[in-house]
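S.K.: Here is how the chains run, residue by residue.
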Amino acid sequence: MPVSDLLPELMVLIGAAAIVVSASFLPHRLHWLCAVAAIAVLLASSVVVCLRWNDPAQLTFSGIWALDGGAGFAKLVIFGSAIAASALSPQWMATDRRHGEYYGLLLFVALGAVMMAAAADTMELIIGVLLSSVTSYALVGYHRQWSPAQEAAMKYFLIGALANALLVVGVVLLFGLTGATGYRELSAGLAANPDPWVVTVAFVFILVGLAFKLGATPVHMWVPDVAQAAPAPVAALVTIITKVGAAVALARFTLLLPENIAWPWAIALMATVTMIWGNLAALWQTNLRRLLGWSAVSQSGYALMAIVVIGVVDQALAALLVFLASYAVANLAAFSAVVYLRGRTDLSDYRGLARQRPWTAAVIILVLLSFLGLPPLVGFFGKFLLFSVVIEGGYAWLAVVAVINTVVSLFYYLRVIAVLVLPREHQHSADMGWAAGTTMIVTGLLVLALGLGANGLIELARVLLAPYHPVP
Amino acid sequence: MLWLAPLFPIIAALLLYRFWATSPSRLAIAWSAAAVVFLELAIVWFAEASGWSGVLNWNRHLQLGIGFTPLTFLAALVVPVVAAPIVFFAAAHEEPERLGRLIALLVGFVGVMQLIILARDLLSLLIAWEIAGAFSWLLIGHRFQDPERGRNASQAFLVTRAGDLGLYLAAFVAFQQAGNLAYAGLDQMSPVAASLFAAGVTVAAFSKSAQLPFSPWLFAAMSGPASVSALLHAATMVAAGVVLLMQLQPMLADVSWFGPVLMTVGLATALAGGLVAAASPHAKRLLAGSTSAHYGLMFVAIGAGYPVVALLHFALHALMKAPLFMVAGIAGHQAGSYNLANIARVRLPDSLIYTSAIAALALAGLFPLGAAWTKEGVVSAAGVVAPWLAIVVMLAGGLSAVYAARFQWSLFLRHKEKQPGNSSTSGPAWQQHGPLYVLAVLVLSGSVLWLPTVNRELGAWLASSFPGIRLWEFVVSMVLVLLGLFAGYRMVTTELGQGGRRLSAGRDFLARWLFLPQLAQRFVVMPVDALSRRLATLDDKAVDAVVRAGARFALWLASVGVRSGESLSDLLPRGGARFGLALAATSSRCLEWLSDQLPEAPSRLSGLAGHQIRRLQSGMLHHYYSLMAAGVGVFVLTLLFAIIKGGLL
Amino acid sequence: MILTAALAIPLLGALALALWTGWSQSAARRWAVAVSIIPLALMALAWWRFDNNGAMFQLVEEVEWVPTLGMGFRLGVDGIALAVAAMSALLFTAAIAYPVDTRGSARQYYAWLLFLEAASLGVFLTLDLLLFYVFFDLTLVGMYFLIAGWGHGKPERAALKFFIYTLFGSLFLLLAILGLYLAADPLTFDMRELIAQQPLAGAGVIASVVMAAFLLGFLIKTPLARFHTWLPAARCPRRRAGASFRHSGRRVVENGDLWPDPDPVQHDGRHLHPVGLASRYSGADFRYLWLAGVALLGLLISAALFLRILQSLFFGELPDRWKSMPDLNAIEVSVLGVLLGLVVLIGVYPAVLIDLVETSIVWLVGGQ
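Residue numbers (numbering that gives the first Met the number 0), protein chains in the order written: chain X, 0 to 471; chain Z, 0 to 648; chain G, 0 to 367.
It should be emphasised that the hints constitute simulated quantities derived from the structure, not laboratory data. Beta carbons: idealized from backbone N, C-alpha and C, even for Gly. There may be inaccurate statements among the hints.
Said to hold, decoys possible - SDA-like cross-link-like pairs, simulated, lysine to any residue; straight-line CA separation at most 25 Å:
{"id": "1", "chain 1": "G", "residue 1": "Lys153", "chain 2": "X", "residue 2": "Ala191"}
{"id": "2", "chain 1": "G", "residue 1": "Lys322", "chain 2": "G", "residue 2": "Asp100"}
{"id": "3", "chain 1": "Z", "residue 1": "Lys644", "chain 2": "X", "residue 2": "Arg354"}
{"id": "4", "chain 1": "G", "residue 1": "Lys322", "chain 2": "Z", "residue 2": "Arg148"}
{"id": "5", "chain 1": "G", "residue 1": "Lys160", "chain 2": "X", "residue 2": "Val420"}
What the hints assert, rightly or not - Facing chain Z, according to a computed beta carbon distance under 10 Å, are these residues of chain X, among others:
{"id": "6", "residue": "Trp145"}
{"id": "7", "residue": "Val207"}
{"id": "8", "residue": "Trp221"}
{"id": "9", "residue": "Trp276"}
As the list claims (entries may be wrong) - Sample of chain X residues with no beta-carbon within 12 Å of chain Z, all distances over it, derived:
{"id": "10", "residue": "Asn53"}
{"id": "11", "residue": "Val133"}
{"id": "12", "residue": "Lys154"}
{"id": "13", "residue": "Ala160"}
{"id": "14", "residue": "Gly181"}
{"id": "15", "residue": "Ala360"}
Please model the complete structure; the sequences and the hints are all you need to start from.
M.R.: See the structure below:
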C-alpha cells in the first residue's frame, strides 16, 4: 500500500497543516502548545521510521520515492534536529505575534529536507529543494523588523533563486537526454546514451543547485548571514537539515552518472575549496554565530569527501551519515547554547563565561572540540570514518587537505575557547529558561554520549548501508 | 664487601658533613677527617688481606666489578696515606667559610679515587671518572663568590671532559667487541678495535693527567684552595690517567703505536711542563707545571713497558708534591698572593724551611731520596727503548731540579731578614705544619728504595721487574740535577736583583704555558659553550638556529678570509675578503629573514587569506552571482578536462 | 582491573573537583594528592605482578568499545610501558604535591592535572591504537588548559601555538594509524593483533609513507612541546637544559616521545649524572659509530650547558632581589628528595629498571 509507505511524511504534512490552522484559533499565550504539537508529530514520525527500520529497501510511488537506509537515517537526523529546534523556540518566539505558524513552517522545512533525502526522481528532488527553500526563506526572515534578518533572508532568497533555477535547468537537460525523471529510468537512459557534454553540464548544474542546500562553495554565501541573523533555532535547523537532505540526495544522484564523467574530481574539488574557504573565512570572525556559520561551510566540505568515494567504498555512505549525525548533534548543541544565552553573538560578550556559567561554557567547549574532531567526542568518529573511507578510496591527498584544514580550524575554535576561559569581572545576564537549557544539556550530553557509544551510531549507519541501487 | 672501600669515605663525608660544617673547632674537624681517611686505609689493607671483591649486576651484559691487583693495591694504599695529611692540613689551614663542605668533598674524593683505582671494568671506571670530574669542578670553584673561579672550574671541567669522550668511545668499542665491559675481556679485540680502544683510553688518560695538549687545565685548576691542589695533583684527579693506563698497558702493548705515542707525548709534556714551571712567576703554577712534567715521566715509563715504575713514581711524587703545595698555600696565605716575587718578601715560619727543602730535593730527584730512584727508573726504562730517550728524560729531570730549586729559594732565600706575614685567619701553626712533617718523614723514608734488598722485595711483591739502573745514566742524571739546582739558584738571585721586573717575552710565553690555555679556551671551551647555547635556543626556534648557524658559519668564513687577507695582504687582495664579508652579511640577513618567516609565514598567509576571503562576502549580489557562474565554469572545465585527458570522448 | 582503575581514579578525582564547587584551596590540593597517590600505588602493584619472563603484554584488560571498527578498550603493559607509566604516575604525584601558585583557582588546576594524569597514563597503558590516539589527544586538551590557565608570559598565545603544532602532529598520527588499520585484515586496532599480522610488511612505498607520518607526528610532538610555559618562574631557568637534552640524541624515539612530562625539573634530573650510563649503551653498535660519536658530542655539550646553569645559579654574589626568597619548604624538599633519590637509585642500581624493560627491548629490536 504505497500511501502508508509515506506515513512519516504524511504525518508531518498533516501536522504542519493542523498547526497552521490551530494557530489561528489559539490565543497567543497558548501558542507554545503548537511547539508541543510539532514535537509530538515529529516524535511520532520518528517512531514510525524506527518501526520500519528493518523493512527491505525499495522504491515506492512508481519509483520516485526511495525507502532505504540512507533515507531512514536522514529522516531520523532531520526529525531529531527539528524536535530540538522546536524545543528551543517557545521562549525565543514568545513575543512574536505569529508564534504558532512558525512551527508549521518548521515542519515544512523538515518535510522538504526529508523529500530531498528520499528522492529517487529528479522532479521529486526539485520539489523537495523548493519546499525546503521557500519555507526557510520565510523562517530566516521571521524577525522582519530587524534589518540583518531581512538582509539575510533576501540574500538567501536571491542566491537560492539562481541556484534552484540552475537545478531545474540541469534536470531538464537530463530529461531531454533520456526522457526520464525517475532514477531507475535515468540510470538506464544514461547508460544507453552517455553524451558526455550534456551530462557534464546537467551534472554541474544539479551539483551547484544542491551545493546551495549544502552550503558548499560556490554557493555558500548565505550560510554565515543566515547563521547570524535568522532566529537562532532556525539557524541551527537550516544549517543542519538542508545539508543532510542535500548530501544524501547528492550521494544518491552521483550513483546514476555514467562512467565517463569524472564526477569524483569535481566533487573533490568542491570539497577542497569549501573546506578551505569556510575555514579561512572563519579565522578572524568576532561574531560567534557567524563563526558557526562559516564552520558549517567547512563541515560541508568534509561531508563532501565521503561523496567523492561513494561509488567505490562500501562504507562511504555510512561515513557520510555518521558524520552528518555528529555534525547535527554538535551544531544543535552550539546553537542551543546561543539560544540559552539569549542569542548573544559578539565574541567579546562571551568573555569569562566559564566562570559565570560553567555548564554553558562546557557545552560550547565540548561542541567546538567535537567540530575539531577530538576524541572521544562524536565528531571524532565522524571525521575518523571520513578519513578512513577517503584513504581507502585512494584519495589520501584529500585526507591530508582535510587534516591541514582541521589544524587551521583549530585556530578559531581555540580563539573562542580562550575567550570563554578568560577571567572577567562578574556581570549578571538573563538566560532563556529551562526549555532551552534542557535542550542544550541534552544535546551537549549527546555530543559526549554518542562519542562514547559511537558503536551504536556506526552500527545503525552500517546496517542500512548501501543506498537503494537503481538497477538499470 | 669491597664496595665498602670506595663507599666508606663518601658515606662518612655525608654523615659527618653537618658536624664539619658547624663545628667551631678546627682541631676536631681535622682529626675526624683524617681519622676517616685513616680508617679508609685500614679498610683497604684489611680488604686486601681478606681477599674481598665486589660485583654488582646491572643486567646480563653490564656488570660493575671492583677488585685488587698488586699494582692497584699499592695505589689504593698511597691515596689515603697522602690524603690524610692533606685533609688535616685543609681543616687547619683553609678559610673557615664553608670549610665543612670543602672537607667533605676532599674526603669524598678519596672514595671516588679508590673506585677509579679498584675498578675492574670500564663501567665502574666511567662512573668514578665522571664523578671525579664533577668533584674537581666543585673543588676548583670552591670560592664561588668570584665568577672568575667559576669560569676556571668550568674550563678545567670541559677540557678534561673533552678527553673523557675518549673513554666513552673506548667503552663503546669494548662493548661492541666483547659484549661486556670488564677489563678481563679486553685482550680479545680485533686489531682495529684495539687501536680505536687504545686511542680513546689514551686521550682520556692524557686529559685527566694533564698531558699535552690538555695540560693547561691545571692552570685553571689553580683557582682552588691550596689543599685542593695538593689533593688533585698528588693523589687523585691527575693520577687517574696514569692509574688507568698503568692497568691497561699489558692489554694494549700489542697496539704498535701505543708505546711510542705515550713516550713522545710524555716526554714532550715533561719538557714543556718543566720549562713552564721554570719560567712561571706564580708559585702554584710552578708546581702545576711540575705536576704535568712528572706525570709525563710516568707516561714515558708506561710507554716503555714498565708500568710498575710509573706506579712507584706516582707514589713518591704524591708524597713530595702534597707538602710542596701546602708550603705554597701557607706562603701564599701569608703573602696575600702566589706571586713568587711577593712571597719572597715575607718571612715564613722557620720550621718550614727543612720540610720544604726535603720535598723540593725529592722533586729535583737528588740522590738518595726515593723519588730520585723512581726517576732513575724512568730514565733506565727509556734507556731500554733507546739511549737518546734516556738522555731526554735526564734533561727533563734537570729541568725539575731547576724549578725545585727556584721554588725553594724563592721562598726562603735571605730568610732571616724578612718581615713575618699575616696569618690571622688560619689555625695554629703546628696544626698546619704537622701534616707537612709527616709527609716529609715519608719522603725521607722513601730513600730506602735505593737499598737493593728493599727494591727487590718490592719487585717480587708487585710481581714485576725493574729496569736495572746503569751507572752512566745515574752519573749524568745527577750531574744534570746538580746543574739544575745551581741554575735555579742563579735564577732566583738574579730575579731578586731585578726586583719585580716584567718578564721577558720568551719567559712570558713559557709562563703562560705556551699559550695553550688561550688555545684551549678558544678551541674547546668557547666553541662548546657557544654550541651549547645555540642548541639550547634550538628549542625555541628550531629552524632558526640551523639557518643562523649557517649564517654564522658564513660570517666566520668571511672573517677568516679577512684575517688572512690582513696577514697576507701582499698576496691576497683585501677586496676579496671584504666581498666575502659583505656576502656573508647579506646572506645572513636573508637567512635570518627566512628563518623568521618559515614558521610564521603559513599562519600569516592563512590569516591574510582569511581577510581576503571575507572581503568576498561583500553583500553584493552580482559578486555572488559571478562567483556562482565562475564555479559552474570551473566545474564544467574540470570535468571536460578529465574527459579529454581520459580519452573518454 | 588494576590498569583501568589507574585511569579511572584520577579521572573521577578530576570530576569530583570539577563538579562540586565547594573545595577550598588546600582541600583541593590535599584531595588531588590523595587521588594521585592511588594510581602510583596501582602502578607499583602492577610492577610487582609483572612477570619479567612472561608474555610480552601482561595485565591485559579488554572491553569492546566500537567493535564495528575493531576498536576496543584494551589495556595492557609490556616492560617499557609499565616503566614509563609508573614513572609518569610518580611524576604526576610529585607535580601535584609540589606547591605551586594556582592563582586562586586551585580546584580547576588540580582537576586538569588529574585529568592529564589519566590521559597520560592511558597513552602508556593502552593496547589499542585508536584508543592510544584518543588518549594522546586528550593529553593535548589537558595541556592546553593547563598552559592557558596557569602559564607564564603570554599563556594563551603559547597554549594556542602548542595546541596547533601538536594537533598537526597528532592528525598525521591519525592518518598513519588509519594507514596501518586499513592494511590489516580483519580490520582492527588491537596492537597485539597488528604486531602479529605485520600488515604493512612488504608494502613498500605505502609502508614508508605510513612510517613517515608516524615519525612526523611524533617528531612534531617531541621538540615543540612547551611544557615550561606553565611552570612557575622559579623553575624556569632550568628549561634550556631540558630543551638541549632533546637534541643531544639521547632521548631515544621509543616511548620517550610520548612522555608528557609535567615537570622539566625532574626531566633534567633523570639525565643527571651518573644516571643514564646504562642507556647510553643502547646505541653502541659499530655500524652506527658515527651516531655514537654525535651522541658523545652531546655529552660534552650537555656538560657545558649544565655548567652554564650552575655557574649562573651559584657563582657570584647573591643579587639583592633574591635575598628574600625563601628556601625550599618541607614538602618541596620531600618531593624533590624522592625523585632525586630515585635518580640515584636507578643510577647506581639500574637493574630494577633494566630487567623490566629488557625483555621488551629485546623483542622490539628483533633479538633472540
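S.K.: Is the interface hint for Val207 of chain X satisfied, with its Cβ closer than 10 Å to some Cβ of chain Z?
M.R.: holds (6 Å)
S.K.: Compare the distance between the alpha carbons of Lys322 of chain G and Asp100 of chain G with 25 Å, and conclude whether the hinted pair is satisfied.
M.R.: Holds: Lys322 of chain G and Asp100 of chain G sit about 20 Å apart, inside 25 Å.
S.K.: Below or equal to 25 Å on CA atoms is what counts here, so check Lys160 of chain G against Val420 of chain X.
M.R.: holds (17 Å)
S.K.: Just want to verify: Ala160 of chain X was marked as not at the interface with chain Z; is every Cβ pair farther apart than 12 Å?
M.R.: violated (10 Å)
S.K.: Decide, holds or violated, for the assertion that all CB atoms of chain Z are farther than 12 Å from the CB of Val133 of chain X.
M.R.: holds (19 Å)
S.K.: Closer than 10 Å between Cβ atoms is the bar; does Trp276 of chain X clear it against chain Z? Give me holds or violated.
M.R.: Where the cut-off is 10 Å and the nearest Cβ of chain Z is about 6 Å from Trp276 of chain X, the hint holds.
S.K.: With d taken as the least Cβ-Cβ distance between Lys154 of chain X and chain Z, does d exceed 12 Å?
M.R.: About 7 Å separates Lys154 of chain X from the closest Cβ of chain Z, which leaves it inside 12 Å; violated.
S.K.: Is the straight-line distance between the alpha-carbon of Lys322 of chain G and that of Arg148 of chain Z 25 Å or less?
M.R.: holds (22 Å)
S.K.: Would the stated hint for Trp145 of chain X survive a check requiring a Cβ distance to chain Z of less than 10 Å?
M.R.: violated (16 Å)
S.K.: Could you check that no beta carbon of chain Z comes within 12 Å of the beta carbon of Asn53 of chain X?
M.R.: At roughly 39 Å from the nearest Cβ of chain Z, Asn53 of chain X sits farther out than 12 Å, so the non-interface label holds.
S.K.: Hey, is Gly181 of chain X genuinely clear of chain Z, shortest beta carbon separation above 12 Å?
M.R.: holds (24 Å)
S.K.: Mind checking the CB of Trp221 of chain X against every CB in chain Z and telling me if the closest is under 10 Å?
M.R.: Interface hint status for Trp221 of chain X: holds (9 Å vs cutoff 10 Å).
In summary, the structure is inconsistent with hints 1, 3, 6, 12, 13 from the numbered list given earlier, while agreeing with the others.
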